[in-house]
Amino acid sequence: MRALMKAAVLAAAAAGLTAPVAAQDYPSGDIRYILHVKPGGATDVMARRLADGLQKALGVNVVVENRDGGSGARQMAQLARAKPDGQTIGSVTASHLGMFLQSNTFDADSVTWACNMVLDPYLLAVRPDSGIDSLADLVKKAKAAPGELSVAGFGEASGGQVAWQMFADSAKLGDGDINWVPYSSVGDAVVATLGGHNDIAIAYTDLVQQHVKAGTLKVIGVMSTERLPKFPDAQTYAEAGYPVDTTWQQFRGIVMPAETPAEIQDALCGTVQEVMQTPEMVKYIEDSDLVPGFMGHEEFTEFVHAQDEAAKTWTAKLGIASN
Amino acid sequence: MIENFLHAAALVLTVKVMGALFFGVLVGYFVGAMPGLTSSIGMALLIPFTFGLEPIPAIVMLVSIYMASDYAGGIPAILVNAPGQPGSAVTAFDGYPMCNRGESGLALNLAIMASGAGAFISLLLLVVSAQVMASSALAFGPSEYFALAIIGLSLIGVLSAGSTLKAIIGLLFGLTVVTIGIDPIRGTERFVFHPYLIDGIPFLPALIGLFALSEVFVMIETANDRIDRVKHASSANHSLRTLMPYRRTVLRSSLIGYFIGVIPGAGASIASLVSYGVAKKLSRTGTSFGTGNPEGIVASEAANNASVSGALAPLLSLGIPGSASAAVLIGGLTIQGLQPGPLLFADNPEIPFSIFVGLLAGLPIMLLIGLFGARLWVQITRIPRPIIATVVASICMLGSYAAANDTFEMMVTATFGVIGYVLRRCDIHPAPIVLALVLGEMLEANLRRAMILANDNFLTVISHPITAGLILASILVLASPLFGRKPAAN
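These protein sequence lines are chains A and B, in that order.
One point on numbering: in the working numbering, the residue at position 283 of the first sequence is 283, and numbering is uninterrupted.
One point on numbering: in the working numbering, the residue at position 368 of the second sequence is 368, and numbering is uninterrupted.
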């Protein structure tokens, strides 16, 4: 933490010397908002809503550009090339951390972490006819028949797999007790579980809640400190007797090119925080079942580096390939 | 149901919604005919415009883009060998040779009418079976997808016009290309020599290079050949009767397209490849497929348009996106505060039924634009070759740039243009390569997932009923040349 503060002070001082851009002049023109996702998905939709709000609040155009590809590497390349003056910003989610592990070119220090907007806790869902009623039940069944059960999630060394491994570790499940099956998206993992090809899915609220309402899926545990309002019957891991680090969550935030002055990050993020509280945005977040989780520059930087460290530790523990 | 239909009709048949529909069709035609711009890109571009619209016009507009772009994808495929959409690559197999024979007018009209028929038949299927079919979408797990990819690859023998050996070389080349990128299971990098290759070779730019850019090189070689390629254009017969001889193919291809469309992740490209392969196998004139047989165009276009309705079945009844465009549509619905999922039919029946009515109302508009437009579009073939080659080359580059707003895609297109040209000179058809590019990842990732699920026992993987059936079918397809009528080799 102290090191971080020091870095922040140094960065601020350096910015004062080299960059004549002052926060009160910000923004000095149109803002480019570079997304790492294809148009149309949940992250894209939310970013466009935010861009709309920022545009009204700041009085400049906020131009959304989709630079998807390379699991975020293409967007990172764009950010790396841009001037660190706050006129170029980017979207970020936990999936970037997975890319950092795989990439030789980019890591968590390739950008500066301006602010976080929302959080999304992981949860475990099963089919109601799976015979699995609770987390304890799941653990008991897995130990009785190792290798019979499988959990579906996104990718390898991903946020989802780390989240799963935290649970498995806490429940003292051994290697091979439950098979991890990587899918190309969390949505695919949910579909495979709905179809009965997998027993358990590790997912988020908005991907399962319709199926829970329709009675085709059941949430048996949530990875958060408190129960989720949408699934009041689902225990938290700790309640079930499997305490884990619940700060490990999916997140959606904003990054800027490395060395963007802290005042400029604060200037933008102050507006972001305001936009997040407008009635339209609040309704959107509620409808999409996201958890508001605003974090400013320092808090977000600390949060992300902790997550990055955890990802490295856990993937090393798992023996998952990473660079 | 009738009540829901009447209610939806009242909602859709208003000036505002029909305006949105017409606008959507125009945009769909444009993105569809432009190589590199796909329906999902077109839909995503219009999503910000739907912020201010009510749900019905917004959704109808998005769906009409989806539908119209699949019609339009066949136009450049026929005229300049540049598939406008991934699903229309197969249309080029016979469409472009017909165009070179001066039958572009006939080819275009057949493509439009087969598209319309495919869309109409599959729409009827969607209306009656959306909720039933959704459950079959769920029946596909890793082992079933693996078998689906196998049956797709088994079509290689059918698709290869000439030498089987050359077809296998093409297939292996394609499969090698899809190993580039992140390993789908272990997450390690494979042959990632450039940071952007982390997701593999982008499919669309590669397709544009293989088909369109390599054709440009051929055009340059033959720039001085004087041929009139529009001899039948003006006298093209616009009546539906042109399609009558192919009614069985239309029906069969529409069914194939619809059912493949229902399976999430298997879209227009696989639908048109399978439908084409089956049509070639069953047709009396099967041996002339690939040299400008109208039936090939019909099989491809009916199937790729039918797959659109297919993909809407799991979307509307389960909230599962069956294709990239369907995923964008989910985004569009979410913006309107609607939650696509198993409760959509119960909570908001006006949405699925407005989509049905909107698609029905859009059909005649799309057909008319297509049929009247064909007279205009065939004029392109009158343009001297040097000019057309230049224009197509620019469009290829523009299209691949637009696919991701990046010059990297242009380099991919250029590279694959050269590769495609060399392969052509070696007489290796692009069909097996496309087959491998489309199915490669499905094959690998799902086999490995299925092996994890089966604790590494391959017999358990292939003992699933659907898997076993599909694998048996692919063995029959592969072995069939050994029995029965021997297809004449070229």
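Rather than coming from a laboratory, the hints here were simulated on the basis of the structure.
None of these values were measured; they are calculated from a predicted model.
Please note that a few of the clues may not be correct.
Okay, derived cross-link-like pairs now, DSS-like style, lysine-lysine, Cα gap no bigger than 30 Å in a straight line [claimed, not checked]: (1) 283/A / 230/A; (2) 230/A / 218/A; (3) 281/B / 283/A; (4) 281/B / 56/A; (5) 38/A / 213/A; (6) 16/B / 166/B.
Rough simulated footprint, nothing fancy, chain B against chain A, three-plus residues with beta-carbon under 8 Å [claimed, not checked]: (7) 66 to 80; (8) 235 to 249; (9) 253 to 261.
Every residue, glycine too, gets a C-beta built ideally from N, C-alpha and C.
These are the hints, each one checked on the structure:
| no. | hint | verdict |
| --- | --- | --- |
| 1 | 283/A / 230/A | holds, 15 Å |
| 2 | 230/A / 218/A | holds, 12 Å |
| 3 | 281/B / 283/A | violated, 55 Å |
| 4 | 281/B / 56/A | violated, 60 Å |
| 5 | 38/A / 213/A | holds, 29 Å |
| 6 | 16/B / 166/B | violated, 54 Å |
| 7 | 66 to 80 | holds (count 9) |
| 8 | 235 to 249 | violated (count 0) |
| 9 | 253 to 261 | violated (count 0) |
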